[in-house]
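A.B. asks: Throw the hints in and build the complete structure from the sequences for me.
Quick mapping for you: the protein sequence lines, in order, are chains A and B.
In the numbering used here, each number is its position in the first sequence, counted from 1, plus 293.
In the numbering used here, each number is its position in the second sequence, counted from 1, plus 3.
Bear in mind the hints are in silico, worked out from the structure with no lab data behind them.
It is possible that part of the hints are untrue.
To be verified - Estimated spans, in silico, between C-beta atoms of each pair:
(1) B:Arg356 <-> A:Asp314: 51 to 59 Å
(2) B:Thr182 <-> A:Thr467: 31 to 39 Å
(3) B:Gln181 <-> A:Arg469: 44 to 52 Å
(4) A:Arg377 <-> B:Asp251: 53 to 61 Å
(5) A:Glu424 <-> B:Thr182: 45 to 53 Å
(6) B:Gly321 <-> A:Leu372: 40 to 48 Å
(7) A:Asp314 <-> B:Glu258: 47 to 55 Å
(8) A:Ala462 <-> B:Gly321: 35 to 43 Å
(9) B:Gly261 <-> A:Gly369: 48 to 56 Å
(10) B:Gln173 <-> A:Asp314: 41 to 49 Å
(11) A:Arg474 <-> B:Gly321: 35 to 43 Å
(12) A:Phe473 <-> B:Gln259: 51 to 59 Å
(13) A:Asp314 <-> B:Gly306: 57 to 65 Å
To be verified - Covered by chain B, per the in silico footprint, the following chain A stretches (three or more residues, Cβ under 8 Å):
(14) 318-330
(15) 379-388
(16) 453-466
Everything numeric in this text was worked out from a predicted model, so none of it was measured.
Glycine residues also receive a C-beta, built at the ideal position from the N, C-alpha and C atoms.
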Amino acid sequence: VTLAVAQTTAPARPPPEIDRDVLARCKAHDADAFRTFVMRYQRPVFALLSRMLGHGPHVDDLAQETFLRAFRAFPGFDLDVAARPSTWLLTIATRLALDHKRRAVLATVPLEAAAREPARGTPETERRRAEVRAAIEGAAAALPDDQRAVFVLAQFHGLSIGEIAEIVAAPETTVRTRLFRAREKLQDSLGSIREAP
Amino acid sequence: MIDDRELEQAWPAQAPDAQFAERVLEATRSPERGRRRTAMIAGIAAAVLAAAAVLLVLARRDTTSEGDVRAAARTEVALGSRGVAVLEAGAHIAWHGDDVVQERGDVFYRVEPGDAFHVHTREADTSVLGTCFRITVNDQETAMKRRDLGAGVVGALVATGVWIGVYEGQVKVAHGGQTTTLAAGETVVADRQGLHAPQSAARTGDSGAATSAALQQRLNALEHEKAQLEKQLAAGGAAKSPYDLTSDDWAKLAEQGGFRYQLPCYQPGGFRPSAQQLEKLGLSDADGDAIQAAYLHANKEFGTTMQGICASFAPDLGISDCISKMFTSLYSQSHENAYAAYKEVAEIRAGKRPEPPPDQLTPQLRMLLYFSQGMKGFESELAQTFGADEAHRIAYADDLCFMANTSR
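C.D. replies: Quick look at the structure:
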């Protein structure tokens, strides 16, 4: 089994960033603009936190804390030199998640229960999907926090090695090593899955 | 081989509920007030489903819109600032501005010219600059669409995979390392075998390209459709809309604590049906004026009525937010509370209990009672031009623009 995520390229679906004029209004604490900001970035923040920490009400709490910190920091956000808003926000979310992980043992919802999609497709594809899900669940749970963060940011949020290095405050070489190890572990865990017909 | 999409499905992300942004805003004003109450999670999630169609009103006005819609019936949705999607029943899409993920079902897209607009499916990514196209994510065999025939695009029977057909302009389809560009009248299927022409498909727009086998395929499809129409006629006419409810239908809903409603969709200036939609309804272009006027009238009536109801519930909120909050409040104690409210409304509509005067009703019940007759004003307006029977037929035809939802 080959794990596609072993490639170094990021997924080709970075959503467009929010308009500059909305950001300018957010800096001035304009409520409508900030609502637009939250609506635009809430999904990636939830995605990051839930994949870092597992599903559960703590994800909502930390997502809310992420946006509150962004709100408070907005007056100092430099539109010309600052990072992309998504990267800035994911930086806040990642650090909150890592900090939270250090302080608490979370009651999380297993991936199997969290997957909301009803079964579809042939019994064979469903079997394979269930196998992949179980393997990912086990492998993801076993990843150290720093490796998991790097993998999630690279794989699901399309961030570059440089951006991830800034987010996790580590040298790029360290990030590359963590990413390599995370992919290696996931690939090993998925190695027992039979090929789909 | 496990691809990115499979990995994403296997490692799903938790999604925010519909009230998340409002809670954050509330927290910016008073950090403690905005905090999530865990007990509300399930109720809010259920309310999201109930309010999804109504929230489309908000999405239509928002040029940086995002949303997630599972269509219970044919549903039209504005995507970002320049796209419109028509979802057939069962289809599911989620979007961020010009970036759409189509999870399943049959969706027709019209995109105004501009920057790249993307539709991602489990098998292929489609990029366009401005065009009309349809994507069908097949779980089972899909029959050829009548609209496909009219546009000169012949869809084939596709067992599984993603079918993409283009009506105008060009689209670029990518699947793994493969890409192809489709012009009007062309189709492609993306599945485990890669990108390829649909089995037995034909491009009828190319003179000489239509083989006898392809023409036979078309003929078979037309005969199949003819047989279906004859069957409908024999059964007493067109199939009744699931939202055209009789007293008996309401009585059945009351037994299960269910609720169902349909409302005319909102568009600035009133929705105007296309020439194709009018033709399908057997109406003329001039009839489009009357239908547009009826939409405009219904939209205004909806605004006035809901403003009145919201004034007693959340006078500071806009209508969309107010509606969403009312649905949320129905579920805030337990799902049973919401089902009890649905049951009460259904029993009133079934004639099993009298409708109390408005001043004896909660705002939520007033809203549900209004929604339960959400097509009434639209139909009355249409009746002034078309007469009662024809107005009823138009109001519940599945070719126009409505917001519909079923709870439970």
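A.B. asks: If a hint holds in the structure, say so; if it doesn't, say that too.
C.D. replies: For each hint, the structure was consulted:
For Arg356 of chain B paired with Asp314 of chain A, a C-beta distance near 53 Å keeps the hint of 51 to 59 Å intact. Between Thr182 of chain B and Thr467 of chain A the beta carbon distance is about 36 Å. The supplied range of 31 to 39 Å therefore holds. A hinted range of 44 to 52 Å is violated for the C-beta pair Gln181 of chain B and Arg469 of chain A, which are about 30 Å apart. For the pair Arg377 of chain A and Asp251 of chain B, the supplied restraint of 53 to 61 Å holds, since their beta-carbon distance comes to about 57 Å.
Distance hint for Glu424 of chain A and Thr182 of chain B: a CB-CB separation of about 30 Å, inconsistent with the stated range 45 to 53 Å. For Gly321 of chain B paired with Leu372 of chain A, a C-beta distance near 28 Å fails the hint of 40 to 48 Å. The hint said 47 to 55 Å for the Cβ distance between Asp314 of chain A and Glu258 of chain B, and at roughly 53 Å that hint holds. Between Ala462 of chain A and Gly321 of chain B the Cβ separation comes to about 41 Å, which falls inside the hinted range of 35 to 43 Å.
A beta carbon spacing of about 51 Å between Gly261 of chain B and Gly369 of chain A agrees with the range 48 to 56 Å that was offered as a hint. At about 32 Å, the CB distance of Gln173 of chain B to Asp314 of chain A disagrees with the hint of 41 to 49 Å. Here the CB-CB span from Arg474 of chain A to Gly321 of chain B is close to 49 Å, at odds with the stated 35 to 43 Å. At roughly 54 Å, the beta-carbon separation of Phe473 of chain A and Gln259 of chain B lies within the given 51 to 59 Å, and the hint holds.
Here the CB-CB span from Asp314 of chain A to Gly306 of chain B is close to 28 Å, at odds with the stated 57 to 65 Å. A count of 5 residues in the segment 318-330 of chain A with a Cβ less than 8 Å from any Cβ of chain B is obtained; the coverage claim is therefore met, three being the minimum. Taking a C-beta to C-beta cut-off of 8 Å, the segment 379-388 of chain A contributes 0 residues in contact with chain B, too few for the three needed, and the coverage statement is violated. Look at the segment 453-466 of chain A against chain B: 0 of its residues bring a Cβ nearer than 8 Å to a Cβ of that chain, fewer than three, so the hint is violated.
Against the hints set out earlier in the document, violations occur for numbers 3, 5, 6, 10, 11, 13, 15, 16.
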